[in-house]
Amino acid sequence: MALWLIPILPFAGFVINGLFGRRFSKAVVNTFAIGSVVLAFAWVLKTLLGLGSLETAVTEHYFTWIQSGSLNIGCDFAVDRLTAIMLLVVTGIGSLIHIYAIGYMAHEGGYYRFFAYMNLFMFFMLVLVLASNYLLLFVGWEGVGLCSYLLIGFYFDKKFATDAGNKAFIVNRIGDFGFSLAMFLIFVNFGSLDFGKVFRQAPAADTGLLTTIGLLLLVGACGKSAQLPLYVWLPDAMAGPTPVSALIHAATMVTAGVYMTARSWPIFMHAPTAMDAIAIMGIATAVFSATIGLVQNDIKKVFAYSTVSQLGYMFVGVGCGAFSAGIWHLMTHAFFKALLFLGAGSVIHALSGEQDLRNMGGLRTKIPITCWTMMCAAVAIAGVPPFSGFFSKDAILLAAYNHAPWMYWLGVVTAGMTAFYVFRAMFLAFWGEYRGHAHPHESPPVMWIPLAVLGALSLVGGFINIPKFLDGFFQGVPEVPENSSLMIVSIAAGLIGIFLAWLMYIAKPAIADSLASSLKLLYTTLLNKYFVDEIYDAAVVKPIVGGSRWVLWKGADVGLIDGSVNGAGSMAQGAGGILRKLQSGNIRSYATWVLFGSVLAIVVLFLATTNYWGGLQ
Amino acid sequence: MLAEVPMSYFLTLSAILFALGVAGFLFRRSVITVFMSIELMLNAVNLSFVTFSYHHGGATHQGIEGHLFAFFVMVVAAAEAAVGLAIILTIFKNRQTLNIDDIESMKN
Chain A
1 MALWLIPILP FAGFVINGLF GRRFSKAVVN TFAIGSVVLA FAWVLKTLLG
51 LGSLETAVTE HYFTWIQSGS LNIGCDFAVD RLTAIMLLVV TGIGSLIHIY
101 AIGYMAHEGG YYRFFAYMNL FMFFMLVLVL ASNYLLLFVG WEGVGLCSYL
151 LIGFYFDKKF ATDAGNKAFI VNRIGDFGFS LAMFLIFVNF GSLDFGKVFR
201 QAPAADTGLL TTIGLLLLVG ACGKSAQLPL YVWLPDAMAG PTPVSALIHA
251 ATMVTAGVYM TARSWPIFMH APTAMDAIAI MGIATAVFSA TIGLVQNDIK
301 KVFAYSTVSQ LGYMFVGVGC GAFSAGIWHL MTHAFFKALL FLGAGSVIHA
351 LSGEQDLRNM GGLRTKIPIT CWTMMCAAVA IAGVPPFSGF FSKDAILLAA
401 YNHAPWMYWL GVVTAGMTAF YVFRAMFLAF WGEYRGHAHP HESPPVMWIP
451 LAVLGALSLV GGFINIPKFL DGFFQGVPEV PENSSLMIVS IAAGLIGIFL
501 AWLMYIAKPA IADSLASSLK LLYTTLLNKY FVDEIYDAAV VKPIVGGSRW
551 VLWKGADVGL IDGSVNGAGS MAQGAGGILR KLQSGNIRSY ATWVLFGSVL
601 AIVVLFLATT NYWGGLQ
Chain B
1 MLAEVPMSYF LTLSAILFAL GVAGFLFRRS VITVFMSIEL MLNAVNLSFV
51 TFSYHHGGAT HQGIEGHLFA FFVMVVAAAE AAVGLAIILT IFKNRQTLNI
101 DDIESMKN
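In order, the protein sequence lines correspond to chains A and B.
Mapped onto my numbering, the consecutive letters of the first sequence carry residue numbers 1 to 617.
Mapped onto my numbering, the consecutive letters of the second sequence carry residue numbers 1 to 108.
Keep in mind the hints are simulated off the structure, nothing from the lab.
What you are looking at is a predicted structure, and each value in this text was computed from that prediction instead of being measured.
This list has only true hints and no planted wrong ones.
Listed next, with one range per pair, are the computed distances between beta-carbon atoms: (1) His55(B) with Ser584(A): 38 to 44 Å; (2) Gly563(A) with Ala82(B): 53 to 59 Å; (3) Ala575(A) with Val5(B): 48 to 54 Å.
Glycine included, C-beta positions come from ideal geometry on N, C-alpha and C.
With the hints as extra help, turn the sequences into a complete structure.
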């Protein structure tokens, strides 16, 4: 079915725009960049329709990539139901965001560079989801990390953007370290990295081994999907252009960890400890970052922490054994979070770069389309039935309840906070009086049409019944019984959150300020994100920089290595300086030395031949 | 007749001559005297060679290596004398001195 065509199309777009884009007009750049992604989407649709029900995986082998001893890595792509969902999400939302970016990036420099990177990202992301072995997945995994770095640092003349890019890249290295170890362990114990071969052997393997592999994979997922304690890079990643935040840092790349974990489900199913670790990490991240999101003033930061929190939700689902619920939430989240970011981008675009919620307000009448499309996403993420977020979030919460009720209650509290901070952002931006000085203008159709499409998807996306679709894929995963009273609790939590936001930011705006001043310590802590960056800086960055500077640089390099090299030089110089004195030019002193040497030679010869000392004894 | 003189006499004489040569080389300032001291040392060594050759050659006097060495030394000494005197002449021509302490152009 020519699966290779799916990633190759965006790659072709990258090559063409990357090499020649500088000379192209914007229309030509658009043609290649958007055309390639839309064609990829079309090819995905055609392929999936052609493949039918996809009960079993369809694998295509292209060539042997690495053949070394018993290591045999093929360049293989495979499509099964899980991949099908990911392909549709990645290419579908990718297409919409590419189209949106035409409008958003219209006035930015480096237009062709932006689209070249975006296409390259699409290529790697598609390799990631199509790969049928861990190493090929890792190629995509690293590739999207590279594109993320390039696009976060897109405004490379701004220091904070390049710093954020570095931060993302370096923090991800920690996760990749765990992922690499997991791959080594898999290969050593199963003799292959192919998903099929590994997963067939997994049930018979030792639980301790599977737990170790699972935990190492979790480290990898934790870095890529921005979970505690490695989430710090994602909020900073908002330094990139907003379409990048929507595509890479909300809808697709950051969900790669969830995808990888769900993909490795046969390993996790037999490693309950690793599953618990996933669930606990997920719920901790969800609560933790939701609390930070409550008080952020930068509209993109609110959504960034929201993304971290929602990714935590997905991990709760996966960790509680509800893999399909996690994937479901991945998909609905891709819809509404991409929409929230694109909407935020539209607001920022309308206000000529203003991102601070305190300088917005009353935009509902000025940019109505943006406002109401974002409202679709807001009700979806808040879990209002029957919109998309409600279904997937409810499935996750249900699984959490069956796994451990305390997790469910924390999840419900998080759902309430989610509803609160999203509506807080909405009310601050679109209701009340306008507090800024720009002249808001509605975005062009090329921007709002993707918003509208995503808005529709956010509203009705929940009716795409992913768990039913993936029922046959995750075989042997226990069913979760329905429980309608839990559903009512989570709906109530969402509605209370919305109501509180309405109360504090529309009905009685004074409450918010008085609350902030009466809980000053809590408010400052949240506003400063629990000082995590500062703690990491003091606990990790400073010691490493200090150790590198004072021990490795000044100590080892300058002191030891340079010291020994220079020492050898100066020692030779010193010795030469002393020996130089012997060459006085005075013939008689030379003669004295000759005499001295001869006498010495004679004495030594005498002692050696006559065994003088032995004779004395 | 010579056999009655002990070998140690010859060797002692040789050592005294050599020591005189060394002393002259070290303590005299005139290049020519130094030169003569070298000749003295060479001849002291020659004396040792001949002595050893004579005594170790036995009654048949078949060992002549020591004699041969002595001749070689003489030949070389003659050649050296020719070259050395030429050098001394040149030094004197250029520097108007034969004081060995003033000739230290090997220093730098």
